[in-house]
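Work out the full structure: start from the sequences and follow the hints.
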Amino acid sequence: MESEPLTLQLFIGTADDRLLRPHAFYQVHRITGKTVSTASHEALQSNTKVLEIPLLPENNMRAIIDCAGILKLRNSDIELRKGETDIGRKNTRVRLVFRVHINQPNGRTVSLQASSNPIECSQRSAQELPLVEKQSVDSYPATGGKMMLVSGLNFQPDSKVVFVEKAQGEPLPLCCSLHYPSNYHQPFHYYTLTIVTALLKIQLWPLLLPQMTTLPSLLL
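1 is the number of the first residue of the sequence shown in the numbering used here; add one for each residue after it.
Careful, some of the hints might be misleading.
Label pairs and their calculated CB-CB ranges [what the hints assert, rightly or not]: (1) G33 - N106: 41 to 47 Å; (2) S111 - P57: 16 to 22 Å; (3) S3 - S122: 39 to 45 Å; (4) S115 - L71: 27 to 33 Å; (5) L153 - D17: 23 to 29 Å; (6) Q45 - D66: 19 to 25 Å.
Under the rule of at most 30 Å between Cα atoms (straight-line distance), these lysine-lysine pairs were calculated in the DSS-like manner [as the list claims (entries may be wrong)]: (7) K134 - K146; (8) K34 - K72; (9) K49 - K72; (10) K49 - K34.
Derived by calculation from the structure, the hints in this document are not laboratory data.
C-beta atoms are modelled at their ideal positions from N, C-alpha and C, and glycine is treated no differently.
Below, the structure is given as structure tokens:
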């Protein structure tokens with residue numbers, strides 16, 4: 001455990017197939033107020049706004065990120081930047097990028113960086129994404145044979161529900177694709193899955209989950 005405080009840097013990065021870099025159309029925005037529990041400070045590094053958050057030993061070097069928002073810049077403010085060719089209305093996916101610099105006894109500095117999953121910042125695009133609103137069960141036995149009802153919006157034939165086992169260490173995803181006949185587009189159709197996955201097209205779809213005798217009980 002670190003005995004000296006560290007500074008966590010947070011900025012908004014790109015979420016395309018290219019190398020991760022600061023986003024040209026979105027930047028981090030500092031949030032303050034009575035409901036915000038984490039102190040932060042805004043800084044500017046190479047024309048990129050960075051939010052600096054302290055990591056303290058008394059808090060086990062942890063921080064609650066409730067002080068950061070995502071702000072969309074005006075196209076007119078960035079369209080003249082050198083090397084920027086992306087169109088703001090089309091480049092609407094971002095990542096939260098976290099970076100910390102750790103000084104070593106030999107005088108060197110180790111930099112650690114991690115990024116979030118892609119975040120869709122366009123309301124129109126976000127409305128087209130699959131959305132799970134609720135599920136009928138919160139746990140599932142290893143013996144299988146239990147039905148689960150999933151309800152939501154914008155389910156497409158290529159959509160899938162991802163179940164994650166929240167255990168010690170890294171989360172373990174338990175999912176893969178499921179292909180079903182095109183005539184199974186009616187509501188309330190039952191069929192047995194070969195793995196914990198759901199491809200949904202309609203508002204409500206009951207699923208008969210598979211038997212997984214080699215897996216422990218899952219908390220969904």
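Looking back at the numbered hints, which does the structure fail to meet, lowest number first? 4
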